[in-house]
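Residue numbers (my numbering), protein chains in the order written: chain A, 1 to 88; chain B, 89 to 320.
Be careful, since some hints might not be right.
Unchecked claim - Away from chain B, derived, C-beta distances all over 12 Å, residues of chain A:
hint	residue
1	D20
2	A32
3	L39
Claimed, not checked - Keeping only pairs whose Cα atoms sit at most 16 Å apart, straight-line, the calculated EDC-like set for lysine to aspartate or glutamate is:
hint	chain 1	residue 1	chain 2	residue 2
4	B	K176	B	E140
5	B	K169	B	E101
6	B	K164	B	D248
7	A	K82	B	D108
8	B	K176	B	E145
9	A	K82	B	D110
10	B	K169	B	D269
11	B	K164	B	D204
12	A	K12	B	D197
13	B	K176	B	D275
14	A	K82	B	E111
15	B	K169	B	E158
16	A	K12	A	D30
17	B	K169	B	D197
18	B	K169	B	E111
19	A	K12	B	D204
20	B	K164	B	D197
21	A	K12	A	E46
22	B	K164	B	E237
23	A	K12	B	E145
24	A	K12	B	E140
Source of the hints: derived by calculation from the structure; they are not laboratory data. Glycine is no exception: its CB is placed at the ideal position from the N, C-alpha and C atoms.
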Amino acid sequence: MTDDITTDLACKELVEIITDYLEGTLPERDRARFDAHILTCPPCREYVAEMHATLRLTGRLTVESISPGARDDLLRALRRMKASSTEL
Amino acid sequence: MGSQTIVRDSDAELIALLRDGDEAAFARLIDAYSAPLLRLALAFVQSPSIAEEVVQETWMAVVTGIGRFEGRSSVKTWLFKILTNIAKTRAQRERRTIPFSEFEVDYGDEPAVDPDRFLPASHPQWPHHWATPPQPWSMGPEGTALDRETMAVVRRALEDLPRAQQVVVALRDVHGWPAADVCAALDISEANQRVLLHRGRSRVRAVLERYFNDTATLCNAESISDTKQAGQ
Ligand SMILES: [Zn+2]
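So that you can see chain A by itself, here it is in the shape it has in the complex (with noise of 0.2 Å):
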């Protein structure tokens, strides 16, 4: 093993530990040559500016929920239940 960590990691490496990097999940030996390769590899750094910002776009698309209607009629299923069994 070198001593050196920032030879250490390839960056063809790096983008594929990238997503255990972030979870939190990358042993505490590979986050430090994580730390260390970026910190001397600027297209690394852009790489992971990068799929910072894809999070940033991908978490501001709008979701589809399900109709007005259909969560009225929910609603609705719900009194009636409510109103049977409380006739009981």
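Using the hints, position chain B with the ligand against chain A.
Leaving out everything else, chain B with the ligand in the frame of chain A:
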């Protein structure tokens, strides 16, 4: 995300309210979970309209079944279980099941970045370092990239993902679910979840990279022709 508002109520409280037929509590549950449940249903059935029916059926099952809910699992887990049972039955009936093996990922090759963009292993100084490094995106100052066109590209990138990756990325990154919920809902391991998330996110990044780099080329071309015209 909406689901956060739900977890503030303790499960016991929520169940008591639902058993009482509390409409506000039920409405909050519907509003917090319908969108992610629609996405989850798409892990089992093909079409969005069937997914909507599955979600609707799930909520009806909650209305009629809350009295029988024993509280041995969390409300969330109970919801996932109802939905997946209904979705699986429905998928069988349609005979259009998504092969669930899609979620059992192989750990084989699906590189996050085109291997040709790296120097070969035999490179004397920089083996496996960038040969074609990523270029900064032409997003401009924070916020300017959030125009309609960009968001349409993001949406398409997500919808074009293989189904298993799409469901995992959407639940995690669009709906903000924690990894544990995604694993529980899809009944997959943490490791599988992470591989699907990684592949999906990497693909979306690659699509956005192409889009932003093309936009940059286009802008440069435009500004060059502007300069030319100005010089004439
Ligand atoms: Zn690098």
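Hints, one by one, checked against the model:
1. A beta-carbon of chain B comes within 12 Å of the beta-carbon of D20/A; the shortest separation is about 7 Å.
2. For A32/A, the non-interface assignment is confirmed: its Cβ lies about 19 Å from the closest Cβ of chain B, beyond the 12 Å cut-off.
3. With a cut of 12 Å on Cβ distances, L39/A stays outside the contact zone with chain B, its closest approach being about 15 Å.
4. Restraint check: the Cα-Cα separation between K176/B and E140/B comes to about 14 Å, which is no more than 16 Å; the hinted pair holds.
5. For the hint linking K169/B to E101/B, the alpha-carbon distance of about 20 Å lies beyond 16 Å, and the restraint is violated.
6. At roughly 28 Å between alpha-carbon atoms, K164/B and D248/B are farther apart than 16 Å, so this suggested pair is violated.
7. In summary, the hint linking K82/A to D108/B is supported, as the alpha carbons are separated by about 7 Å, within the 16 Å threshold.
8. Straight-line distance between C-alpha atoms of K176/B and E145/B comes to about 13 Å, which keeps the hinted pair within the 16 Å bound.
9. As the CA atoms of K82/A and D110/B are separated by approximately 9 Å, the hinted pair is consistent with the 16 Å bound.
10. As the CA atoms of K169/B and D269/B are separated by approximately 12 Å, the hinted pair is consistent with the 16 Å bound.
11. Among the hinted pairs, K164/B with D204/B is inconsistent with the structure: their alpha-carbon atoms are about 44 Å apart, more than 16 Å.
12. This hinted pair checks out: K12/A and D197/B have alpha carbons roughly 13 Å apart, not beyond 16 Å.
13. Only pairs whose Cα atoms come within 16 Å are accepted, and K176/B paired with D275/B is accepted, the gap being roughly 13 Å.
14. Distance restraint check for K82/A and E111/B: the Cα-Cα separation of roughly 10 Å lies within the 16 Å cut-off, and the hinted pair is therefore satisfied.
15. Taking the CA atoms of K169/B and E158/B, the gap is about 14 Å. The hint holds against a cut of 16 Å.
16. Between K12/A and D30/A the CA atoms are separated by roughly 14 Å; this keeps the pair inside 16 Å, and the hint holds.
17. Restraint check for K169/B and D197/B: the C-alpha separation of about 32 Å exceeds 16 Å, so the hint is violated.
18. The hinted pair formed by K169/B and E111/B fails the criterion: a straight-line CA distance of about 23 Å is larger than 16 Å.
19. Among the hinted pairs, K12/A with D204/B is consistent with the structure: their alpha-carbon atoms are about 10 Å apart, no more than 16 Å.
20. Between K164/B and D197/B the alpha-carbon distance is near 35 Å, which puts this suggested pair outside the 16 Å criterion.
21. With a C-alpha separation of about 14 Å, the suggested pairing of K12/A with E46/A holds against the 16 Å cut-off.
22. For a cut-off of 16 Å, the pair hint linking K164/B to E237/B is broken: about 35 Å separates their Cα positions.
23. Under the criterion of a C-alpha separation no larger than 16 Å, the hint pairing K12/A with E145/B is inconsistent with the structure, at around 46 Å.
24. Proximity of K12/A to E140/B is assessed by CA-CA distance (about 41 Å); at most 16 Å being required, the pair is judged violated.
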